[in-house]
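There are 4 protein chains.
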Amino acid sequence: MIIIMERNATKVQIQRVIDFLKDNGFQVRHNIGEVHTVIDAIGDKTTISPDRLSAFEGVKEVKIIREPFRLASRDRKNDDTVIEFANGVKIGGGNKPISIVGPCSVEANYDDLLEVAIAAKEMGCEFLRGGAFKPRTSPYDFQGYGEKALQFMKRASEETGLLTVSEVMDANDLPMMLDYIDVLQIGARNVQNFKLLQAVGKCNKPVILKRGLASTIREFLLAAEHIMYNGNCQVILCERGIRSFDSAFTRNLMDIASIPVIKKYSHLPIIVDPSHGTGQRYLIEPMAKAGLVVGADGIMIEVHNDPENALSDGKQSLSIPMFKDIMGRINMFNKNIHYEKNCLSANTR
Amino acid sequence: MIIIMERNATKVQIQRVIDFLKDNGFQVRHNIGEVHTVIDAIGDKTTISPDRLSAFEGVKEVKIIREPFRLASRDRKNDDTVIEFANGVKIGGGNKPISIVGPCSVEANYDDLLEVAIAAKEMGCEFLRGGAFKPRTSPYDFQGYGEKALQFMKRASEETGLLTVSEVMDANDLPMMLDYIDVLQIGARNVQNFKLLQAVGKCNKPVILKRGLASTIREFLLAAEHIMYNGNCQVILCERGIRSFDSAFTRNLMDIASIPVIKKYSHLPIIVDPSHGTGQRYLIEPMAKAGLVVGADGIMIEVHNDPENALSDGKQSLSIPMFKDIMGRINMFNKNIHYEKNCLSANTR
Amino acid sequence: MIIIMERNATKVQIQRVIDFLKDNGFQVRHNIGEVHTVIDAIGDKTTISPDRLSAFEGVKEVKIIREPFRLASRDRKNDDTVIEFANGVKIGGGNKPISIVGPCSVEANYDDLLEVAIAAKEMGCEFLRGGAFKPRTSPYDFQGYGEKALQFMKRASEETGLLTVSEVMDANDLPMMLDYIDVLQIGARNVQNFKLLQAVGKCNKPVILKRGLASTIREFLLAAEHIMYNGNCQVILCERGIRSFDSAFTRNLMDIASIPVIKKYSHLPIIVDPSHGTGQRYLIEPMAKAGLVVGADGIMIEVHNDPENALSDGKQSLSIPMFKDIMGRINMFNKNIHYEKNCLSANTR
Amino acid sequence: MIIIMERNATKVQIQRVIDFLKDNGFQVRHNIGEVHTVIDAIGDKTTISPDRLSAFEGVKEVKIIREPFRLASRDRKNDDTVIEFANGVKIGGGNKPISIVGPCSVEANYDDLLEVAIAAKEMGCEFLRGGAFKPRTSPYDFQGYGEKALQFMKRASEETGLLTVSEVMDANDLPMMLDYIDVLQIGARNVQNFKLLQAVGKCNKPVILKRGLASTIREFLLAAEHIMYNGNCQVILCERGIRSFDSAFTRNLMDIASIPVIKKYSHLPIIVDPSHGTGQRYLIEPMAKAGLVVGADGIMIEVHNDPENALSDGKQSLSIPMFKDIMGRINMFNKNIHYEKNCLSANTR
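Protein chains in written order, with the numbering used here: chain A, 1 to 349; chain B, 1 to 349; chain C, 1 to 349; chain D, 1 to 349.
Hints are not guaranteed to be accurate.
One copy or two, it doesn't matter: identical chains are merged, so the pair holds either way.
Here are the simulated DSBU-like cross-link-like pairs (lysine-lysine), alpha carbons at most 35 angstroms apart as the crow flies [as the list claims (entries may be wrong)]:
1. 63 - 96
2. 148 - 121
3. 22 - 63
4. 11 - 154
Everything labelled a hint here was simulated from the structure, so no lab data went into it.
Construct the entire structure; sequences and hints are all you get.
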């Protein structure tokens, strides 16, 4: 931790910071510059938070040297986290990228969901997604079919062998949801709903955590840290676009570079959601590939058997024929990248 | 609702949109431009959402004419909402701006809280704030003292006559919280935690709703709409800064213009929080005044009896002497603005 | 300057940074933390730029302690810069806030401009603004009348005694412009057109420098530094709104807090432009007051004798009757703030 | 053009808008909704700008249906623009992606530049880049060697056969620059320096136009329109990252999706600059590939023979060995994508 004092900080103010740090077991050195005094403190930040120090009079800024996430950090665990399912599917660690497809919301008719699930299975996808509880900006929009939707998800899973993903919005729903689905999802709007993060942190199920619209990479990893801190280390991050100043052509701005950045600093797997990330059908294929080429461990795509009549997010949903077309090309692309990766690692041995 | 078709939309695609609109009871007219066909639809948007239409093939964009919030809108209720408390305090409707002060978190020692409450009372403030449950970016930071903190809040309220405000993070805590406090607060990170919005929407207590870091004004008013739609119309909005590209000198960027914008489109009261809005003590006084001069119905300020030892947000907390100094000037300022306002309304009669 | 090394930086990498710093005359100390090594360097940053250091292998981050602007900084010159004109008008240093009003563009008819100038004079304003060269996002929009417009400006100045402000877009126009106008303006889009900054830096005329849509406060002050570095210290900063994620209700987002921030770190005067800052007539009065209450040294407002027929920016232009109304209230408000300021300084003596 | 009236717009206000539109040759229809009246106007927007209409009293919003750029639009020219050089190199139109490499600034020693140029040639790159005039945020940073640098560029071009790219900052430098270099570059900070856009618009040389830090896609294409409107249609767009709220790990945020968006709406070629886009060496390879996989027509990469001693942008410059390594993999990748593309077009015939 580095403490930068204001240019007019008094000797007394400087000494009080130094004393406080020493009292808390830090090793302290300080340099008196022409303008600013700078204090270096080496020690265990779990004992005092940088916020404490920035409240001292005369302190201009406190600079953290070490990233504040720990369990999520490569400093702590250098090897990639790999999440493995009973049927042998694996996420992360350089395994073949997985695909999660399905409608935004599960709707009234089971056969519609099944049709999508069958197409997904046919194209080699591993996961079926479908919302039972929908966070909607307006209270006048469709909010999901709840438990009935989850029953449909389980049935489709049994018929196709796909694993299932569904969003949890309320910790009280967790016990019920755990009966039906394989992977919990935390939506972008709940990325700092800390009570919910704690609750899924106490479950023994993998969690897909979506990046918030205003989450910095550091805050995103700290949200994962909340889950891990409560005991659940099976966290799969998901880049799904952030808020920018231009929403004329895309709903959100996909931060593709966040994927290799996160790979550098964290061992957690990360997937990419071009459907929410762009909000535009024609951008799904290129942006899925962009995510995969920089190292994403999988993709999540919205597919609906009849997008024009979808109860939510129809605009960005692929119809089944479009999906098959695109998924075929993505599968080919994954094979090529994977081949290239293997060549590379063979060469670098 | 206006539907703009893609430049290469086919006649069949155009006709399908028109038929769908007519089937749903809309009056429809369309204009075929040189490049784009434009369809105007007049009718009740509660029956179909614009999202539905944007999923139709050949649709480029759906433009909503009427703002999507209704209960929160001045179209529906032209008069300012005034929230009145048993002790006669009123928020909104051009009443004297209220002041909410107190520590970020209620801490271990009751006397510390009382000291702040007494100072607040002395300076004519109406509300004491204090966190019992703290949403923290890092799991390693202090999370609040829970019910014990609320007991302290109630005791301080009884000793001073101040009304109390505290943040709710979990709907399950509501029954307990309602016993202790007068105004519920929803934090910025929970502004789209729709389950929590629904839960406070079913309470009969005023709610302070903080703007999210990435909330547009429209989304912010739709979050209020979620509360109102569930039955609770006592919503007080709070501008507390949004995320911007520059955080070198202030923690957030206060959108002061949002206050008169919201006053134009909504009847709800709105207050301003310069402590979180800027994260800097020296900016609290000027930014409180900036909020008040454009029409805010009150301010919320963090005050701590010993900021250097605060367990959270010490950096932006005022000490008691600083607070008294600043609050004295703000009180004077409020009197002046209020005087000016009365002159104006006398003149415009 | 503080250099934070990567967690896996080698001893050789660390030593090379230390040697380089020492060779350049810096005093160096370093702390080896559990994870990161941190190097403190005290010395004259004019000799080497932090960028140089961040290019060294093993360097994670270089943190500047002292703000990079110098001539613009209060560290260098503690007293407010006051810009004084031949007619006694002063900008900055706690003098009465000045007002700059006029049309976005000077148009074809001189009498239209004169009508605005007379109203401005009548309301006690000091400056007439009017564009001769217009930076327009689209090449199909009106680009200004050039020298003819400047002749009109000068004539209106002679008839009313107002000082004149006009934007320079091309250094080649400067010699001609200097004959006609009193204050040069650099528009937001040219805030990092360094050739133009250098050129006005060599003029002996005050310059209004508008903040760019994506300028951080630091970059904004560095743009002023470019002008000052070339010899012209008569720089007036202007906050006119920055780009944000929400442009549904306002064209830009006014960063009102930037005014007291800049006052703290720089001695330069700063004014506020609510016309461009919001793009909405109804927000001009409140946002002008918000700027003034936090310490702005003046306001700039667009006024047009016939906004519905303005060739540019009609939407945000006030008509003459609206302007008189609003300006009357702003004048009253300035008197009140000024009165309050005098009381304060009397009390704090 | 669609004009949405305020909910309380009067009949007179509505009629005045309609009359104005008709007087300007527009066909007009209007729909009176429950709350808002909406006016559709079909006609030639070159005669009146939407801004004119938004200034009318009672107008809430003017919505443009057709994109405001014309020469840059696919509406006007459906086929991809291909820019061809004397030596047969082509940019755009599905041709093999080109590579532009070189140091940020050309420095004092010619051999350093030549060393980079030879490596670039060896790796099959087509263009050498190098700055002679450097736009620098701080006046204390290195500003480039001017004409001497351009002479070096020409000499390196003659020795290697590479085409050359260099940034123009001042229209007055153009006649001189045209003698030395093959492609002009407009930097991000000058993207709305309209005088400079006009000046390069009158040159008969290809221009690389970099996206501004705060440019929307629409504004970016309108900046290209300024160049084309002045007669030069050889514009190559360049995505190089925009400003976002998170700059902890990357200097800018690369908007990879902008590439397929621009491909859809414009016929102009677009390349990607991961060096400036990320500011981090380790992100150059993945982000170059991300740009190429979504359809970029080329890449621009900073390479320096001794990054630790570069006078600018060393942090993001590749050393020559790193460059060769990365460029080898990118060349392979381009071949694979190209192969895939050919298969696709063969299949879709």
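Index of numbered hints that the structure contradicts, given in increasing order: As far as the earlier hints go, 1, 4 are violated by this structure, in ascending order.
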